[in-house]
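Q: All chains, full assembly: derive it from the sequences and hints.
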Amino acid sequence: AQSVTQLGSHVSVSEGALVLLRCNYSSSVPPYLFWYVQYPNQGLQLLLKYTTGATLVKGINGFEAEFKKSETSFHLTKPSAHMSDAAEYFCAVRLSGGYNKLIFGAGTRLAVHP
Amino acid sequence: NAGVTQTPKFQVLKTGQSMTLQCAQDMNHNSMYWYRQDPGMGLRLIYYSASEGTTDKGEVPNGYNVSRLNKREFSLRLESAAPSQTSVYFCASSEPGGGGTEAFFGQGTRLTVV
Numbered sequence: 001a002q003s004v005t006q007l008g009s010h011v012s013v014s015e016g017a018l019v020l021l022r023c024n025y026s027s028s029v030p031p032y033l034f035w036y037v038q039y040p041n042q043g044l045q046l047l048l049k050y051t052t053g054a055t056l057v058k059g060i061n062g063f064e065a066e067f068k069k070s071e072t073s074f075h076l077t078k079p080s081a082h083m084s085d086a087a088e089y090f091c092a093v094r095l096s097g098g099y100n101k102l103i104f105g106a107g108t109r110l111a112v113h114p
Numbered sequence: 001n002a003g004v005t006q007t008p009k010f011q012v013l014k015t016g017q018s019m020t021l022q023c024a025q026d027m028n029h030n031s032m033y034w035y036r037q038d039p040g041m042g043l044r045l046i047y048y049s050a051s052e053g054t055t056d057k058g059e060v061p062n063g064y065n066v067s068r069l070n071k072r073e074f075s076l077r078l079e080s081a082a083p084s085q086t087s088v089y090f091c092a093s094s095e096p097g098g099g100g101t102e103a104f105f106g107q108g109t110r111l112t113v114v
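Residue numbers (our numbering), protein chains in the order written: chain A, 1 to 114; chain B, 1 to 114.
Hints are computed from structural coordinates only; laboratory data are not their basis.
Honestly, I wouldn't trust all of these hints.
Stated by the list, open to error - Derived DSSO-like pairs: lysine-lysine, alpha-carbon spacing no greater than 30 angstroms straight-line:
1. Lys49/A / Lys68/A
2. Lys49/A / Lys14/B
3. Lys9/B / Lys49/A
4. Lys68/A / Lys58/A
5. Lys49/A / Lys57/B
6. Lys101/A / Lys68/A
7. Lys49/A / Lys101/A
8. Lys57/B / Lys101/A
9. Lys101/A / Lys69/A
10. Lys9/B / Lys71/B
11. Lys57/B / Lys71/B
12. Lys57/B / Lys9/B
13. Lys101/A / Lys71/B
14. Lys9/B / Lys101/A
15. Lys58/A / Lys69/A
16. Lys101/A / Lys58/A
17. Lys49/A / Lys69/A
18. Lys14/B / Lys57/B
Being a predicted model, the structure only gives us computed values, none of them experimental.
A: Listed below in structure tokens is the structure:
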């Protein structure tokens with residue numbers, strides 16, 4: 001069965017610093033991978049996704065993620081944090097082959113300090 | 001463009017009461033999902049419907065029932081609410097599309113069972 005592990009339930013960075021949120025997945029078949037962001041009292045919004053092709057994926061708000069099959073990872077990065085990036089971030093996986101269920105990690109809450 | 005609409009946004013129930021959470025999407029998606037979100041546990045799938053007329057259990061189906069009323073609507077029912085069902089509930093929809101399509105989320109229903 002596939003699963004998703006997000007290392008670090010809380011990450012704190014200074015404004016302007018690098019953001020790195022870690023996600024590892026387990027899957028016996030090629031996965032589709034997603035990062036979602038949730039702002040307080042709101043639903044989830046897609047940041048970016050990996051399906052096939054280029055392993056470095058760019059998303060909204062300056063975020064990007066790299067799919068590394070050998071490491072079964074899909075870490076999310078942003079070169080320079082902004083105060084508005086403070087939110088909770090979720091990594092999710094869906095198996096290829098028409099399997100519809102999205103499985104989420106436990107989430108990482110990002111705090112950005114001035 | 002409304003996307004995914006959930007009602008109500010907030011609800012307080014007494015233990016043993018029943019209620020139905022409503023969800024409707026206007027994106028003509030075939031697949032719909034119900035998740036619950038609890039602190040430190042991410043989003044856990046309760047039930048999903050791959051297409052109109054079909055429903056399947058997710059990770060945590062006990063205590064819930066669902067109805068896929070038509071292509072647009074997917075409701076979640078709690079027959080006898082328990083305090084353990086206090087949570088934030090999210091409805092989502094997507095195209096099945098072989099797995100690479102993202103899910104779109106509603107704004108959530110915050111349910112408290114006392």
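Q: Would you mind marking each hint as holding or not holding in the structure?
A: Outcome of the hint check:
no., hint, result
1, Lys49/A / Lys68/A, "holds, 13 angstroms"
2, Lys49/A / Lys14/B, "violated, 40 angstroms"
3, Lys9/B / Lys49/A, "holds, 28 angstroms"
4, Lys68/A / Lys58/A, "holds, 15 angstroms"
5, Lys49/A / Lys57/B, "holds, 25 angstroms"
6, Lys101/A / Lys68/A, "holds, 22 angstroms"
7, Lys49/A / Lys101/A, "holds, 15 angstroms"
8, Lys57/B / Lys101/A, "holds, 10 angstroms"
9, Lys101/A / Lys69/A, "holds, 21 angstroms"
10, Lys9/B / Lys71/B, "holds, 22 angstroms"
11, Lys57/B / Lys71/B, "holds, 18 angstroms"
12, Lys57/B / Lys9/B, "holds, 24 angstroms"
13, Lys101/A / Lys71/B, "holds, 18 angstroms"
14, Lys9/B / Lys101/A, "holds, 24 angstroms"
15, Lys58/A / Lys69/A, "holds, 17 angstroms"
16, Lys101/A / Lys58/A, "holds, 23 angstroms"
17, Lys49/A / Lys69/A, "holds, 15 angstroms"
18, Lys14/B / Lys57/B, "holds, 25 angstroms"
When each numbered hint is compared with the structure, a violation occurs for hint 2 only.
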